[in-house]
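Could you slot chains B and C onto chain A? The hints should help.
Residue numbers (my numbering), protein chains in the order written: chain A, 1 to 412; chain B, 413 to 1039; chain C, 1040 to 1187.
Keep in mind the hints are simulated off the structure, nothing from the lab. Any given hint could be a false lead.
In silico BS3-like cross-links for lysine-lysine, where the CA-CA straight-line distance does not exceed 27 Å [stated by the list, open to error]: (1) C:K1118 x A:K66; (2) A:K407 x C:K1175; (3) C:K1119 x A:K61; (4) B:K427 x A:K387; (5) C:K1049 x A:K390; (6) A:K390 x B:K451; (7) C:K1118 x A:K379; (8) A:K358 x A:K407; (9) B:K912 x B:K1033; (10) B:K427 x B:K1020; (11) B:K1020 x A:K387; (12) B:K1006 x B:K572; (13) A:K407 x C:K1049; (14) A:K390 x B:K1020; (15) B:K687 x B:K799; (16) C:K1119 x A:K66; (17) C:K1066 x C:K1175; (18) B:K1006 x B:K1033; (19) B:K427 x A:K389; (20) A:K407 x C:K1118; (21) B:K515 x B:K572.
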Amino acid sequence: MMHVIIGGGAAGITAAREIRGWQPDAQIVMICSDEQVHSRCMLHKYLSHERTAEELDFTEKGFFEKNQIVQICDRVVSVDTADKEVCLASDRKIAYDRLLIATGAESVIPPVGDLRKAENVFGLRHLSDAQKIDKMAEDAEEILVIGAGLVGLDAAYGLQERGKKVTVVEMAPRILPVQLDEHGATAYQELFERAGVSFRLWCSVQNAVCGADNRIHSVELDSGETISCDMIVVAAGVRPSVGFLEGSGIKAERGIEVNSRMETSVKDVYAAGDVTGLSGIWPNAMKQGKMAARNMCGVKPMPGVDTEYADTFADKNTINFFGLVTLCLGALQPEEGDEVQVQEDMHIYRRAILRDGKVRGILLQGDISNSGIWQYIIKNQIDVRGKGKKLFQLTFADYFGTGERGKYVWNV
Amino acid sequence: MNQCYGCTTCESADKPLEGFIQNLPFETSHHRVEGQSTKCGFGLQGVCCRLCSNGPCRITPEAPRGICGATADTIVARNFLRAVASGSGCYIHVVENTARNVKDVAQRKGEIKGVNTLNRLAETFGINEPDIHLRAEKVADAVLADMYLPEYEKMKLVEKMAYAPRYENWEKLGILPGGAKSEICHGVVKCSTNLNSDPVDMLKDCLKLGISTGIYGLTLTNLLNDIVLGEPAIRMAPVGLRVIDPDYINIMITGHQHSMFTYLQKRLTDEDVVKKAQAVGAKGFKLVGCTCVGQDLQLRGAHYEEIFDGHAGNNYTSEAVLATGAIDAVISEFNCTLPGIEPICDRLHIKQLCIDSVAKKANAELEEFDFENREQVTEEIIDKIVKAYTERRSNVEMRLMEDHGYENTLTGVSEGSLKDFLGGNWKPLVDLIVSGDIKGVAGVVGCSNLTAGGHDVLTVELTKELIARDIIVLTAGCSSGGIENCGLMTPEAAKYAGPKLRAVCEKLGIPPVLNFGPCLAIGRLEIVATELAETIGVDLPQLPLVLSAAQWLEEQALADGCFGLALGLPLHLGLPPFVTGSGTAVKVLTEDMKELTGGQVIINPDAKESADILEQIILEKRAALQI
Amino acid sequence: MRRIIVEYEKCDGCKNCSVACMQAHRKSAGTVYDLDLTSPENESRNFIYQAGDGTYRPIFCRHCDEPECVMSCMSGALKKDAASGLVTYDEKRCGSCFMCVMNCPFGVLKPDRTTRTKVIKCDFCAQDGGEPNCVKSCPKGAIHVEEV
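Chain A on its own, in the form it takes in the complex (with noise of 0.2 Å):
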């Protein structure tokens, strides 16, 4: 059996893991555009110097040789399911009998101005992008970065902590406005300002244009103000990476279609992770990677061992920047009818939105210790009342059971 997977993130990596776990003696081949595998939620730790290329790798020392899959640095421009073919930008053809999409996804460059001609304009998505910006900050001072969501954030963190001047651009009233309501945005902003980093919310680029030197030295908001930039970094949002896939009859609207087995619209071709578009988030990748590999080596479910992508709750973060963190789940705004309860002191603030005795939201910042209870509580719409405790004081005690083999069971 032939198993190739297209994309060495965290679906591609856990994929592979599972694959070799469940067939011995499988072929894997991997194909990656870039050879060192790496994690791209600590992209950041490699603008600000704090790890390496090397060290932003995900996999165990050894991961390919150990579990013997060949791994090939390479771009893929098509794919030819009618005779089960994977092309490649060299030319070289790779034939697979189960082939695993996971090739996440890349940033968008809005079309403003310049932006997407500039030299110097940049997303962060990939080690590449990272080494691109590194490279180039050497000689930048001042750094636009627009977005100020997690990547943008990110990005903001990370060129701040080499010492340049940061200027950070976002549409929404507040910061990470995905993610957290105006007082949680707030204490963040204001470390973020602590550290030397300034913020233009609530206005937009409007327009930026190309010097002889194919560089954007400023950009116009529409607030009026002209910001001066030696390089910019785009965070504004991404797409699924499904350009080659033109021609192979696989379904793709926005993401590439698939069911729960995360089977596409082509026999024996499998999607997972951010190219799906069904999450964004790192541990439903691996989730997604994983099922698919059992269904890749036609493992039948059993119990313990599931074969669905069933856990799809994707509505979930956890920040951590200068030590301040946050954890973020459900919804975030309140509708009306719903019970918002607040708690906040000088180290914590916790906030949960509640309709009917369940939880719709969750945010809780400063402390987040033994928080793992709300995703649960949260995706399974537990009734929280009736335990004679306030809400927060709430933890896996107040539920506890045990199963077979001492494992904890959820008693609600």
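Below, chains B and C alone, put in the same frame as chain A:
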């Protein structure tokens, strides 16, 4: 995030106070409850023994004896006796200082403010001395001489002070105490390593310590203080954080020894001292009542209106009192001075002074009160406080709570003032009890703790439940502070009483809860109980009277409780006193005690259930009296 | 694999297990007598929590068969060891994202209190031959190790 130190503070019966504490930018005891919420089961049950180097030994099903062989019964009884002996020591220390103060004042021909009390005590003691000062000195000497007797000589005043049927009971049980100080020594010897292992024998010692604590530490402390500090007089006074006036140099007092403040409180109103305050921009000095010594001043407040504005709060309100920012100094002389006030005092630059080394706080200056040198010590204290005021006031933020508490709270109730109010005898009250307009009497006494539902929660809830059942409540101790700050001691609180008690209160213009003041005044309650029993012609256990130390906190409370049991009264506790690991101790305290003294311990953390149980006991006692 | 089996009915809440865990993982040498119980650096990896009725529930890492923490780890710090079945944690690799804290369905994990760069996670006392000190310290036998 905001500036609050932590929002997981415990509940408080006093909701405005709870909100105030929750918003403070520094830690208080109320913040620490959650972090201490997982309690060691061995400790809670009293079956952890650390009396020798083999320990700590804990009792489990697999290890039912300590290494030495001590059973759970032995370990629990030893631990309990040790606690009662310590608690007794506290009160005996207080009465010793009080008696010495009476003697010192008398020898120097100082003012005797409570002549009636002096004469009453002299008569009881059989002292026939025409000179008032010599009379006072002899009364004080009689108390001191008794306390210093050895353990093997019985104290002489017990028979004179105790109700005759009780004395007979104690004599029969063999629990008449020897010298009060020696009894403490005897108790701690008994419960030391590899000595006594008989749980019943040790529990009987607890009763003995209860008697010496009650008659000397409680009852006589009150009466001796009345001689030199004045007798309580019924009046209305403000309570709560509202009493704090930032225009004055404010001194918060904590402890239990009112006599130690006599000279200071007088000096603070002298013109030359007031001028010192005025020179630095204050109107003068005020003492702000906190803990039991504050209740004592409140009780005798009719004599000190100029210097004392009212009682601010009890033990676990003290941090909030300091947090107002308007307190410039704390003077402490005894317990209920929480260690946790120290960092708050540091932060708010509040000067801490201790005038009795037993309550020396780590960051306080010791200015030991000494009658000989009282003038010099007092001047030093005053100068230090003025200096603190000058240095701190411009540097600290005020967090006043001007609306907290109540303006018209009844105070000054004592065995004497209440009898006077009733027309000089107890018949009107007995008649109301007989007619059923007052179903019974409950003494809700003792401390506040933070674990029986929260600060004052069980105390206040239980009090509401009791008055709703037409049971009049008499209070003494920090329970008073909590109940008064929740408004149950204003005449308007009559509306919370059952219909019959409400009618009585409205007719007399009194609240359904009467405040006897500090925990020491449990002794006064017991005088009331004794005189009621005498009026009716029965023994104490027959009265429709119950006690509750719902939120007992300290070892002292356990010694008090043992007095209640010796008197034969039902005693309710919200939380068990670390004895539940011993079946024998539980049986003796909750069951066998009924046969021994007539008393019993009832443990229940629920207000309604507790009130039901106490009401049932009252109804049974009424039925037995055929009323 | 071996797992710490919990019999919560026997737990008395004495927290000996937590003290033993702190002692086992302290940085400085010493005995339980000089373990600094006030230092925020001494953190227990197990937790005794009270249920609403006042009884206790020992919350200990299960080293799950399908560990959600491992399935959320973006740095490779958390791994399910095939041979021992234990979920191991490599502090040096950890990227401090705390997605594992978010993902543990039993709320066992927490960021370290002082630096917020590490996860506080049971290691089955690997340094003591894989015999958990918490188990040894329980006076009630409420936790024991079993081959499962």
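Verification of the supplied hints:
1. C:K1118 x A:K66: Satisfied, since the Cα-Cα distance of roughly 15 Å is no more than 27 Å.
2. A:K407 x C:K1175: Distance ~20 Å between A:K407 and C:K1175 Cα, so the pair holds.
3. C:K1119 x A:K61: Distance ~15 Å between C:K1119 and A:K61 Cα, so the pair holds.
4. B:K427 x A:K387: The hint holds at about 23 Å.
5. C:K1049 x A:K390: 26 Å, holds
6. A:K390 x B:K451: Measuring from Cα to Cα gives roughly 19 Å; hence the hint holds.
7. C:K1118 x A:K379: 25 Å, holds
8. A:K358 x A:K407: 25 Å, holds
9. B:K912 x B:K1033: Distance ~19 Å between B:K912 and B:K1033 Cα, so the pair holds.
10. B:K427 x B:K1020: 20 Å, holds
11. B:K1020 x A:K387: Holds, at about 21 Å.
12. B:K1006 x B:K572: Distance of about 25 Å is within 27 Å: holds.
13. A:K407 x C:K1049: At roughly 18 Å apart (the allowed maximum being 27 Å), C:K1049 and A:K407 satisfy the hint.
14. A:K390 x B:K1020: 22 Å, holds
15. B:K687 x B:K799: Holds, at about 14 Å.
16. C:K1119 x A:K66: 16 Å, holds
17. C:K1066 x C:K1175: 20 Å, holds
18. B:K1006 x B:K1033: 13 Å, holds
19. B:K427 x A:K389: Cα-Cα ~18 Å, so holds.
20. A:K407 x C:K1118: 18 Å, holds
21. B:K515 x B:K572: With a Cα-Cα distance of about 21 Å, the restraint between B:K515 and B:K572 holds, given a limit of 27 Å.
Hint check: no violations occur; every hint is consistent with the structure.
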